[in-house]
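Assemble the whole structure, with the sequences as input and the hints as a guide.
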Amino acid sequence: VAPVAIAAEFQPGSTEADLVRRAARGDSAAFEILVTIRADRAFRLARSILGNESDARDATQEAFVAVWRELPRLRDAEHFDAWLRRILVNACRAQIRVRGRIREIAMDGAPDRSDPGPGLPDQIGDTDVLGRAFDRLAPDKRAILVLHYLQHESVATIAGALAIPKGTVKWRLSEARAALERALLAEGEDRR
Amino acid sequence: MTRHPRIELTDELIERMLATRAGSRAPEDIVEAIVSAAATTPQRRRHLVPALHGIARPRTAWLMIGAVLALLGIIIAATAVGSYLLRPRTTLIPVVLQADWRSVGTRVVPGPGPGGINTYSLGILIDPTSIDIQNFHTDVVNSARLVAPDRFEIRAITMGDFWHCAVGDVGLYTFSLTAGDRQLTLTPVSDACVERAIVLAGDWSRTDFGDLQPGRHDADLFRPFGGTGHLAYAVPVGWAGLDANDSLYALGRPDVSGQAEMRLLSNVSASAASCNENRSADGVGRTPAAMAAWLKAVPGLIVSPPTAVTIGGLSGVAVDLSVVPGWTPTCGAPGIYTFSFWGSDNGGWSNRLALNGSARARYVLLDRGDGSTLVIAIEAPDLATWHAFIAEAMPVIQSFEFTR
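Those sequence lines, one after another, are chains F and P. Counting along the first sequence from 1, when you hit position 87 you're at 200 in the numbering used here, and nothing is skipped either side. Counting along the second sequence from 1, when you hit position 89 you're at 112 in the numbering used here, and nothing is skipped either side.
Keep in mind that the hints were calculated from the coordinates and are not lab data. Possibly wrong hints are sitting among the right ones.
Far from chain P, some chain F residues (derived; all Cβ distances over 12 Å) [said to hold, decoys possible]: (1) 191; (2) 195; (3) 199; (4) 273.
Result set (SDA-like, lysine to any residue): computed pairs, CA atoms no more than 20 Å apart in a straight line [as the list claims (entries may be wrong)]: (5) P:319 - P:379; (6) F:279 - P:319; (7) F:279 - P:261; (8) F:279 - F:265; (9) F:279 - P:259.
A few chain P residues that don't get close to chain F, going by computed Cβ distances all over 10 Å [unchecked claim]: (10) 181; (11) 252; (12) 295; (13) 420.
Backbone N, C-alpha and C define an ideal beta-carbon position, used for all residues, glycine too.
See below:
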């Protein structure tokens with residue numbers, strides 16, 4: 114979608130909630146603007162959870178189409194983003210579960226970069242190893258780490274996206290981080 | 024927790040890894056693909072009435088409305104009868120089971136240890152529709168459904184690296200609760216996955232992870248005196264259990280104080296000044312006085328004079344810690360390492376306390392009576408959080424009751 118089209122449709126004074134309401138009434142142009150505004154952020158969320166572009170693309174597309182289909186049932190346009198986030202996280206969960214073995218996702222089509230080589234800084238090797246450890250985690254653990262560490266979402270937002278009580282976000286985050294630490298150790302042992 | 028031998032897991036490293044995974048932009052054609060897919064997808068509407076707006080002749084309209092209503096009536100009646108006859112029993116795992124459980128004793132788990140096995144204390148997280156076995160290497164996630172009042176069926180969704188089972192393997196288990204619902208016993212009826220049956224079979228103790236009801240609690244898993252003893256405590260509204268095992272117990276106020284928390288640690292020593300290896304500093308005693316004196320000499324730390332305290336019948340000292348402004352820690356982001364801590368058996372896992380530039384901490388060092396120290400570490404990432412949290416934390420600490 115060209116920026117010109119966005120400018121034409123997203124008039125000054127109209128809010129994103131207006132766009133949501135228009136899209137809910139079947140206005141595909143309004144929906145296109147909503148998608149354009151959010152595509153990068155949604156895709157990055159999916160890609161960081163899933164670890165590869167192909168799955169992230171499928172999950173993002175699936176989520177936005179589900180959003181379009183269900184939009185007329187969204188009661189409060191102001192909650193659109195929380196709703197989208199929840200649908201997207203669910204789409205990522207589904208992608209992982211369709212794949213069955215979590216471990217395979219990171220390996221699919223990705224070159225083995227376990228040895229960063231003498232010319233690469235240590236940190237690049239560290240993120241690679243940590244990325245593979247991250248791929249060992251269950252979907253919900255990946256999602257909560259991404260929402261917290263990448264997107265810096267609030268406790269309330271994370272609770273909304275994962276459909277969990279606010280009071281449990283902190284300890285689930287703590288669990289996820291502990292699981293990542295265990296997985297990191299396992300990566301080290303696998304490479305010996 | 025034991026760390027990767029070379030990599031220190033820090034917030035900054037997690038952020039960098041996730042940012043690398045995420046990339047910067049969505050594929051250029053993704054918006055077009057989504058809009059095209061949506062164009063062939065009908066929206067689900069809440070109301071039928073707007074569909075009749077275009078009908079011009081009132082009599083026809085009323086006839087059509089009548090016909091639609093009659094049809095709706097028939098559909099609703101048929102659905103109600105069908106739903107009643109075919110109504111599914113609830114398949115959700117009962118609320119009383121939905122918790123984070125820790126194994127009573129250890130479990131033998133397939134792994135890289137001698138003979139292809141390892142022995143660990145394990146956790147399982149039971150949700151309404153899943154059971155997540157928090158395996159040492161890779162979580163084994165299972166969908167779960169209740170099939171009888173005392174039994175559930177599970178199906179593997181993901182599998183551990185060293186397990187010899189397959190995704191989709193089904194198991195059937197009975198369960199029973201004792202000790203006021205704080206102890207869970209699982210008994211395999213059948214399971215296609217032998218390793219899972221070995222892990223799940225037996226007793227599990229309920230953790231206090233998650234929101235705590237205001238009032239008195241028992242820390243069932245924590246052993247304050249080196250594998251023995253008991254802790255009881257009281258909390259007001261808003262507190263949550265964050266972590267628990269035999270030598271660590273963590274509490275916090277998730278919604279108020281963010282990353283601040285307090286940890287009770289029963290197997291602690293002064294940490295050696297090594298960035299990559301977690302080991303005890305040589306020649307430092309383990310009594311509260313010796314550990315407080317050692318802290319005072321750690322480069323980069325500002326340590327308050329020790330204050331005598333008595334908590335739950337144990338005497339000791341408390342010190343407040345911060346980092347010298349502008350100090351550059353040798354080990355980077357984790358900051359200055361202070362104490363090392365381990366599981367009660369000194370094996371399996373370990374971790375270290377540390378302070379970085381903005382962090383504040385109070386260490387309450389209590390005499391265990393056997394020449395070693397029970398540490399209560401109250402930690403906050405910055406001064407504002409510290410002030411908010413310490414005021415809430417000290418009354419909880421004053422409620423601690425230790426029994427041997």
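### Query
Minimum Cβ separation between residue 420 of chain P and chain F greater than 10 Å?
holds (19 Å)
### Query
Minimum Cβ separation between residue 191 of chain F and chain P greater than 12 Å?
holds (18 Å)
#### Entry: Hint consistency between residue 319 of chain P and residue 379 of chain P [alpha-carbon to alpha-carbon, up to 20 Å]
It holds: about 16 Å lies between the C-alpha atoms, which stays within 20 Å.
### Task
Take the C-alpha atoms of residue 279 of chain F and residue 265 of chain F, compute the straight-line distance between them, and say whether it is at most 20 Å.
holds (15 Å)
### Interface-negative label, residue 295 of chain P against chain F, beta-carbon threshold 10 Å
At about 20 Å from chain F, residue 295 of chain P clears the 10 Å cut-off, so the statement holds.
### Query
residue 279 of chain F and residue 259 of chain P: Cα distance at most 20 Å?
Holds: residue 279 of chain F and residue 259 of chain P sit about 17 Å apart, inside 20 Å.
### Query
Can we trust that residue 199 of chain F is non-interface, i.e. its beta-carbon lies farther than 12 Å from all of chain P?
holds (16 Å)
### Distance restraint between residue 279 of chain F and residue 261 of chain P, which requires alpha-carbon spacing of 20 Å or less
holds (11 Å)
### Task
Decide, holds or violated, for the assertion that all CB atoms of chain F are farther than 10 Å from the CB of residue 252 of chain P.
Answer for residue 252 of chain P: holds, closest chain F Cβ roughly 24 Å.
### Task
Examine each Cβ of chain P, and state whether all of them lie more than 12 Å from the Cβ of residue 195 of chain F.
Answer for residue 195 of chain F: holds, closest chain P Cβ roughly 17 Å.
#### Entry: Proposed proximity, residue 319 of chain P with residue 279 of chain F (alpha carbon, max 20 Å)
violated (39 Å)
### Message
Would the non-interface assignment of residue 273 of chain F survive a Cβ cutoff of 12 Å against chain P?
### Response
Check passes; 14 Å lies beyond 12 Å.
Figure legend: structure checked against the earlier numbered hints; hints not met, in rising order: 6 and 10.
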